[in-house]
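Novice: Here is how the chains run, residue by residue.
2 protein chains.
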Amino acid sequence: MPKVFVEPIGLTLPVDEQETLLDGLLRAAVDIPTDCAGRGTCGKCLVRVGSGELTAPTERELKRIPEKLRAEGWRLACQASPRSARVSIEVRGTAGQRRILTTSRLHHGPAHPAVVTRMVELQPPSLADARSDLARFDEALGGVNVPLKVLMCLPKTLRDGRWRVIATLYGKRVIDVHAVDHHAPELFGAAVDIGTSKVIVYLFDLTRGSLIDQEAVENPQMRYGEDVISRIAQAAQHNDTAALALAVREGINADLSVLYERQGIHPNHVCDMTVVGNTAMHHLALGLSPVGLGQAPFAPAAAEPLTLRASELGLDMNPDGGVHFPPPIAGFVGSDALAVIAATRLAGKKRPSMAIDIGTNTEIALAHDGRVTVTSCASGPAFEGYQIRNGMKAVAGAIERVRITRHGNVTDVQTIAGAEPIGICGSGVVDLLAGLVHAGIVDRSGRMQEHPHVRQGEEGREYLVTAGPHGDIVFTQHDVRSLQLAKGAIHSGWELLLDTLGVAVEELDRVFIAGAFGNYLDLDAAQFLGLFPPVTKGRVAFVGNAAGVGAQMALIDVRARRRMARLRDRIEFLDLATDKRFLDVFAGRLGFAGD
Amino acid sequence: MPKVFVEPIGLTLPVDEQETLLDGLLRAAVDIPTDCAGRGTCGKCLVRVGSGELTAPTERELKRIPEKLRAEGWRLACQASPRSARVSIEVRGTAGQRRILTTSRLHHGPAHPAVVTRMVELQPPSLADARSDLARFDEALGGVNVPLKVLMCLPKTLRDGRWRVIATLYGKRVIDVHAVDHHAPELFGAAVDIGTSKVIVYLFDLTRGSLIDQEAVENPQMRYGEDVISRIAQAAQHNDTAALALAVREGINADLSVLYERQGIHPNHVCDMTVVGNTAMHHLALGLSPVGLGQAPFAPAAAEPLTLRASELGLDMNPDGGVHFPPPIAGFVGSDALAVIAATRLAGKKRPSMAIDIGTNTEIALAHDGRVTVTSCASGPAFEGYQIRNGMKAVAGAIERVRITRHGNVTDVQTIAGAEPIGICGSGVVDLLAGLVHAGIVDRSGRMQEHPHVRQGEEGREYLVTAGPHGDIVFTQHDVRSLQLAKGAIHSGWELLLDTLGVAVEELDRVFIAGAFGNYLDLDAAQFLGLFPPVTKGRVAFVGNAAGVGAQMALIDVRARRRMARLRDRIEFLDLATDKRFLDVFAGRLGFAGD
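As given, the protein sequences belong to chains A and B, one line each in that order.
One point on numbering: in this note's numbering, the residue at position 95 of the first sequence is 95, and numbering is uninterrupted.
One point on numbering: in this note's numbering, the residue at position 152 of the second sequence is 152, and numbering is uninterrupted.
Watch out, some of these pointers could steer you wrong.
Since the list can't tell identical chains apart, any single copy or any two copies may satisfy a pair.
Claimed, not checked - In the SDA-like style, the derived pairs of lysine to any residue whose C-alpha atoms are separated by at most 20 Å in a straight line are:
{"#": "1", "residue 1": "Lys350", "residue 2": "Asp181"}
{"#": "2", "residue 1": "Lys63", "residue 2": "Trp74"}
{"#": "3", "residue 1": "Lys149", "residue 2": "Leu313"}
{"#": "4", "residue 1": "Lys580", "residue 2": "Asp129"}
{"#": "5", "residue 1": "Lys44", "residue 2": "Arg118"}
{"#": "6", "residue 1": "Lys68", "residue 2": "Cys153"}
{"#": "7", "residue 1": "Lys149", "residue 2": "Pro319"}
{"#": "8", "residue 1": "Lys156", "residue 2": "Gln237"}
{"#": "9", "residue 1": "Lys156", "residue 2": "Asp227"}
{"#": "10", "residue 1": "Lys349", "residue 2": "Ser445"}
{"#": "11", "residue 1": "Lys44", "residue 2": "Leu122"}
{"#": "12", "residue 1": "Lys63", "residue 2": "Cys153"}
{"#": "13", "residue 1": "Lys44", "residue 2": "Ser210"}
{"#": "14", "residue 1": "Lys580", "residue 2": "Ala128"}
{"#": "15", "residue 1": "Lys349", "residue 2": "Leu69"}
{"#": "16", "residue 1": "Lys3", "residue 2": "Leu211"}
{"#": "17", "residue 1": "Lys149", "residue 2": "Glu304"}
{"#": "18", "residue 1": "Lys580", "residue 2": "Thr476"}
{"#": "19", "residue 1": "Lys172", "residue 2": "Gly50"}
{"#": "20", "residue 1": "Lys63", "residue 2": "Glu420"}
{"#": "21", "residue 1": "Lys68", "residue 2": "Arg371"}
{"#": "22", "residue 1": "Lys156", "residue 2": "Arg581"}
{"#": "23", "residue 1": "Lys156", "residue 2": "Arg455"}
{"#": "24", "residue 1": "Lys68", "residue 2": "Gly408"}
{"#": "25", "residue 1": "Lys156", "residue 2": "Asn239"}
{"#": "26", "residue 1": "Lys149", "residue 2": "Asn239"}
To be clear, the hints were calculated from the coordinates, so they are not data collected in a lab.
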């Protein structure tokens, strides 16, 4: 039966080819608006295909969907059925707002943007002083670089403004010039965090240094593969770097377009951008082949701070504006990790401090005694709710907290927004796994035991979490194995880092937990599983999307770019893949300590 | 009756709307191939319209003209008639090669181009040294600027070349990179001299610093007006800067395209260009509005040395190659004048030296005692054969030398290539005017006297030069007046320059005569008319297109660009328009000294 992946809630549903998408969505209790019982007349159950194929649009859809929405690819869920083994769809304006993901408790610091406006008044030319327009403009601004496009409009603007003009400067480059009659142009900037699955854009007022709005879309590269490795393979095998680059830029532009409409901003007024991401995303956003990242010695094509013009990248902002890419650290440790280290001010801590950014790749950094060392663990997406049978993202209907009694019974099921449970998100998965180990239903080796709540499912044993009105929610032996591999990798990572810098766990002063996953997590359960070092609660800070904050710091303070570049050159990389200690430690951390 | 201006011979013909172009061309003895007596079957009498309108193409033309030529706009002269009051046409492959114009006796100096190739060998990455491709490439080249387009192909090229590559560098910017398996790329450059009427391109082998070929086309801006002022007016009134910019770039590209085909060169291998011209041409080539040049205080939009990327200007060469514009000196003294001063090495002369570049604007520079002063005279195009009744350019059939006896008879008529006379070129005009004054047929005030060879023409008195088989060639009272204004302006120019720097005529050590016009001129006649200071023959050097040589110097030696920029800042500008002495001197120099 075809599998349908539903955005933005992150749920995977089986939907038969004979069924409509609406049938599947309603069966899983997805909160999609519909007023006509699937007859195709109310026009409300709008969905859009991300990847995969659906049946062709019906007459009713052509009639009911406004032309603008149709042009954007929207369909009616009640009229469409899957036509490929995997389909990903987006449900329109429903299913609750995604929670967290984009926010952080860290602060981005003071504003000192790369782009500023300056008002200048020039002496008009006279017979005694017939110097060129460019010469007097350049002198008034104290020596600048005037691109041809600006130079072309300079003579008219100077005269229109009676020799009083406002110049928009990106460093020493003039990117715009206005007559003083006009209002001083507003200056906006965008900080971009390119995740493997998500592209987040933060829109800033650069003059005030304040966040105005933010938006996230699925990374359009998802259509080329769900993880980094499959996208690198795509680029290598099909020579598709250009297509992958186009896809990620399309994602940034999609966010920008929503922000422009919502805030009533003209793209020309967005004059600066910073972009962070893992090294493969960094390369692809630049149009650089990521092929070198797919094989030893994993040398990146570029790992320097780069500032390009927006027009070179086809981004929908001021074409002469700058786009700054902080440097990645290594082939598997991107500029997002650098951004996390910068945002947590890790390198400046007096006592040993650690930052952990849990994701498909989990980056862990440890600072001690002037050294900063970082490592990357291939933890897989299990803790994000992916590749877990009933996993989903942290949105309405997801089980986010659950307790298992000593006897193995489920109590205290807590769902996001108090909705009927439709799946389990990351924090719920951690609760379940820890609870099942405590109850002895999962043994120390990770094997699921016989128990009244454990039954034989299609793929082996499974624990029945709840028999909801919309179908059973289970936690399977396979789910346990996925999570074991993930936690084993993460546990080995922080343990080897501590070992490398000679820091004992109890010496750790601060542990920053970055990433979407952290905020609603039961710390005891996570520490029991070995996801984080066992330090006292007061020393752990959940900081949300710290990578985004790092991108924001670089956006609103141009000096932070140089600081991050210097920081990057100081950071040491611990390569677990070649570390002789790794396999031993990893094997030892796959099991559970028990209680 | 419509007037047809014939390129490349520069002749203006009346052609009735009932006639074909071929009728008019044959009547004027223009040497155009035709084998079928105008029946439209031989397909040889090819012409192309520059401006104005012809009748629509006939069936025969569609049949006889090869598709490629048709696409380029070629027509058969025997099938087309004028349909507008003025038409300019180009005759294909005929009428003799244009003489001089593009050559010079000056040498451009040693090669030290802005663009070079460098072979580098890099250490491949290893687990111990996983620095980025960019980092090791940059290190090998000692610190360079790698544009995104080059960075995008760097990883593959490095691996294809097994870490041995050839980089093409424009200063510190890498514009291309090749694997060493390939041949080292050839490097070419183009020096461009944009005249008001002509765009000349010199193609150079940059590695050897040697001239390979050259080509000239009519400046496509001719369709917007024949002189600079009418083009400035066009830009001002119709906001047509963009169209004028496009036209001149089209002219450069037309030259390049001929050179590419003739020399079998790929546009990507032309990596550098220098462009000189008067200030209006300089502005329009850059797409800058020339409007400020049309009114006091004549401030240019830009008078700094500028180096752009070819892609910014839409020139048909390597898009990342550079296009350098040496600076103009003032609103009416362009970078072509700077190029002449540089090419004649005027500023380095120990004794007082002068350079005169005769054209529609005549620039005169005087160097003495460490000072270089330049002025510009609005001399009009009369000495180039324009606006003279039977004037034409120095091509086959033009009367280039002629003697008038004491009694006013014509002797020793000498035509270029010994062809039947069809018009008079610049040197012939000077001979005629000086001869007529000597014979007393033109008096000291410039009035034409009664004489057996003087008759009453349509526009007043005219002197019959020769009654050739293809119509009378005459020299009119109006021609005399045009030439008086021109020589008065030029004479005033050099005289006031000498006065300004306190140099007596006899102190002048060298007088360089630049421009197409000089080479075949009778020096005595020209000096008699006051075109040049009366110094002994040995001190006068006819140097041809010195502006082109200046552009070549800047092309093949990047250091010459800085020298020219410094030279420009030293040059003083004598503005005749605001000089109190001018009107007095000009009035005194309109007449003839007599003999």
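Novice: Going through the numbered hints above, which ones does this structure break? Give me the numbers in ascending order.
Specialist: 1, 5, 6, 9, 10, 11, 12, 13, 15, 16, 18, 19, 20, 21, 22, 23 and 24
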